[in-house]
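Put together the whole structure using the sequences plus the hints.
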Amino acid sequence: MIGAAGRSALALGVPASVVGTLLWLRVALTGGSARSARLAKLARVARVASWVTFGAACGAAGLLEACLLRHDFGVRYVAENGGRGVPVYYTVTSMWAAQDGSLLLWLLILTVYGLLLARSAAARTSGGAAPAHPWAMVVVGVVTVFFFALSTFAANPFESVHPMPTGGPGPNPLLRSHAAMGVHPPLLYAGYVGMVVPFAYGVAALITGESGRGWLHTTRRWMLLSWSLLTAGIALGAWWSYAVLGWGGYWSWDPVENASLLPWLTATALLHVAMVRRGHGLPGWAVALATATFVLVLAGTFLTRSGAVASVHAFARSPVGPTLLGFVLLIATGVAALAAWRGQLLSPATLRSGVTARDTLLLAGVVSLVTLAAVVLTGTLFPLLSQALTGQRSSVDTAYFDRTAVPIALATMVLAGSAMATSRRDDAVSTVAGRLVTPTAVALAAVAAVGISVRSGPMTLAAFGVAAFVLAGVCRCRLAARTSPVDSHGRVTRPSRRALPRPVSSRWVRPLHRSAPPTPPPAPRPARYAGLLAHAGVAVVAVGVAASSSYTSADERQILAGQVITVHGVTARLSGVDRHGDAHGMAVTARLRLRRGEHDLGTIRPRLRYFPDRDMTVSLPAIRTRLTSDVYATVTGVAEDGANATVRLAVNPLVGLVWLGGGLITLGGLLALGRRAATRRAAATEDRHEADTGSAVPDRSTLSGV
Amino acid sequence: MSVDPLRRRRRGALCLGAAGVAALGLLVVSGLRGTLVYYRTPSEVLDDRPSSTDRMRLGGTVVPGSLQILDGTGTRLRFRITDGRRDVMVEQRGAAPPGTFAAGRDAVVEGVLDADGVFESDTVMVKHSNEYRPAGSSR
Chain B
226 MIGAAGRSAL ALGVPASVVG TLLWLRVALT GGSARSARLA KLARVARVAS WVTFGAACGA
286 AGLLEACLLR HDFGVRYVAE NGGRGVPVYY TVTSMWAAQD GSLLLWLLIL TVYGLLLARS
346 AAARTSGGAA PAHPWAMVVV GVVTVFFFAL STFAANPFES VHPMPTGGPG PNPLLRSHAA
406 MGVHPPLLYA GYVGMVVPFA YGVAALITGE SGRGWLHTTR RWMLLSWSLL TAGIALGAWW
466 SYAVLGWGGY WSWDPVENAS LLPWLTATAL LHVAMVRRGH GLPGWAVALA TATFVLVLAG
526 TFLTRSGAVA SVHAFARSPV GPTLLGFVLL IATGVAALAA WRGQLLSPAT LRSGVTARDT
586 LLLAGVVSLV TLAAVVLTGT LFPLLSQALT GQRSSVDTAY FDRTAVPIAL ATMVLAGSAM
646 ATSRRDDAVS TVAGRLVTPT AVALAAVAAV GISVRSGPMT LAAFGVAAFV LAGVCRCRLA
706 ARTSPVDSHG RVTRPSRRAL PRPVSSRWVR PLHRSAPPTP PPAPRPARYA GLLAHAGVAV
766 VAVGVAASSS YTSADERQIL AGQVITVHGV TARLSGVDRH GDAHGMAVTA RLRLRRGEHD
826 LGTIRPRLRY FPDRDMTVSL PAIRTRLTSD VYATVTGVAE DGANATVRLA VNPLVGLVWL
886 GGGLITLGGL LALGRRAATR RAAATEDRHE ADTGSAVPDR STLSGV
Chain S
852 MSVDPLRRRR RGALCLGAAG VAALGLLVVS GLRGTLVYYR TPSEVLDDRP SSTDRMRLGG
912 TVVPGSLQIL DGTGTRLRFR ITDGRRDVMV EQRGAAPPGT FAAGRDAVVE GVLDADGVFE
972 SDTVMVKHSN EYRPAGSSR
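Heads up: the protein sequence lines correspond to chains B and S, in order.
Using this note's numbering, the first residue of the first sequence is number 226, and each one after it goes up by one.
Using this note's numbering, the first residue of the second sequence is number 852, and each one after it goes up by one.
Among the hints, a few may not be true.
[What the hints assert, rightly or not] Partner residues aside, some chain S positions facing chain B, computed with beta carbon under 8 Å:
hint: 1; residue: Val879
hint: 2; residue: Gly882
hint: 3; residue: Leu883
hint: 4; residue: Thr886
hint: 5; residue: Val888
hint: 6; residue: Tyr890
No lab work stands behind these hints, which were simulated from the structure alone.
All figures in this text were calculated on a predicted structure; none of them were measured in a lab.
Just so you know, even glycine gets a beta-carbon here, dropped at the ideal spot from N, CA and C.
Okay, structure coming up:
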């Protein structure tokens, strides 16, 4: 009954999204030629279609949840992923525990973005509609139509099952063992799907032939929001992997992990391209990066769903894979064709002089991020390529990524640290170099300190040095901001003491550049730190990753009750083994009493849980988290009589910094997001001043203080 | 006749880009060297010994009744993996994740084949649904 309603909701979505897309196309094509009253009416109808589309997706998702909660095993998705013994929380989250339901979540989020975008124009049309908007809605509409069709025809979760089973196996045990299941996938998807907005506007700019990068300004908040959500999603995913999978790590360069990292890298590059101010700000780069980001999102969705690569996240093979691949190729080809048609818009028409150190470093950083993405993409797709050529299944070892991606990532961070020493105005090279003296000294000191105290590989030392360099740079900006005058952008203008021989800084130079020096109010405080916070977060992650991947010590052995296992000064005594079982499974818990020297650190309880419905045993780690290090214990086997257990004990130093850093980066993104409203007026004032200097981007820097 | 400065700059950018791509290619190729691990079945391994000296992943079904624990700590195991036609003896160092080697279950191990035709494995790939991920990777 509910299943039929769900099928109808999905079936309604296809025509609704098609009609909506056609209506927006009509709005886009009538554009300037029609009277504004008629145009407004058309747009209103199109907006209604967006509401209906959203309603259809919402209805389908809601009905699937209802089926899951009511254990309606006549519905295929529930028969495959529902279970009577599953707690309510994990029943709700099982909507995105398998392919068809997760596609529905994708669709739901997509229609939410579509609706928000449609409505965002409602507020703006009164003040003159941007011609790009209806085209952007068309692009979003096309993507929505595709995903509705995919859900309806290739992956319909509401298909009925005959005869109806009496129960289901429940979701994959790994997906009902940690509360993050309710947060990580929705956040990741929200970040993923949000990348459709900059993509849609980029394509719209190509279609309308709007040169420059006004669209970057329009989509800045969308970009920042999606980017922050994606960052949080990736960080949570790493934490989840650490807390559930029991292998003690958080990142294994798994194809699907890479699939989430790739759009993050290109989106980060896009955010930084938006900050380059000279040379009409590289519109070609911006369009290419926005497109690449969304194509990578689609490719990631394809990788997860095609069964093409071996991964813990991969769902089973299904017709969804090839269809998605076709769509990815179609989008990529379409944008390439558009770009070829509008090619002249993408290259700057005039040669611009006076490239600042800041622009150069920003660009170098963008190139570095894109290179990093290319290297990771190659490693991810190489097995597919190699299989196509040689017919042999293979996989790329993590050593590849350690050798290639890690050095490039460190180089990118050096560029970020250096860019923080520049200011928006032209700075003399010596000024910038002067500001870099302290961070460089701190970095060298950090390398020396770590190198002397712990035996470390060159890459680990480099990571510590680079992180210290960035953090010192952040502190320098922060301290300078407190003790010195700040220019109109909340940017530090005082040259560092070492640069005093040439007291050249933007504050004194600016009047030479401009006939009318603007004096708008300083930016609000929190926003100033957005970029600093994000960069500091990256450095903190780097420290966490370097320390936890280099200095982790672990041991694994079978111990009798009362015996101990010792790792890095931490001793775990097996106090006992408890068994408990109920109708829905069985669990064995090892009680481990931890001590460090004379200090009692308490008891931790790693578990083995058996899920009979799926005939699967999951080893759930027990983690004692402290700022300096985690004690991480897993039990991999227990004797029948409970007399002994095979225990793996690990001490992971500073691993908490990885989550902390992820949180800081996300917070940075959200702070930058809150900035625009507060500074819009100031920015508008400045734009008028900017007009004569030829800057096409009214957008104030995201990474202020950089 | 002077060259248009815009064109000259574009040519410079093109050269720079080409050099960058070449450097990237070199980095990727050198990075990939030795990091490719192939999936093999027992038949492939036994039929084509000479090419089976590298590190590889071996996949198949655990032969029922073949699992032996070699030492008291439970971290050395021996079992046979079959693809239905041929089977290979595997010696596993390091404990395996629970339930991996239940008889008749699919398993994937990673390591090298020694001269006696015994596969020395140090990594067990945990099976989740139909896919695998390495257990105990270093990161």
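The hints, checked one at a time:
| no. | hint | result |
| --- | --- | --- |
| 1 | Val879 | holds (5 Å) |
| 2 | Gly882 | holds (4 Å) |
| 3 | Leu883 | holds (6 Å) |
| 4 | Thr886 | holds (4 Å) |
| 5 | Val888 | holds (5 Å) |
| 6 | Tyr890 | holds (4 Å) |
Of the numbered hints stated above, none is contradicted by the structure.
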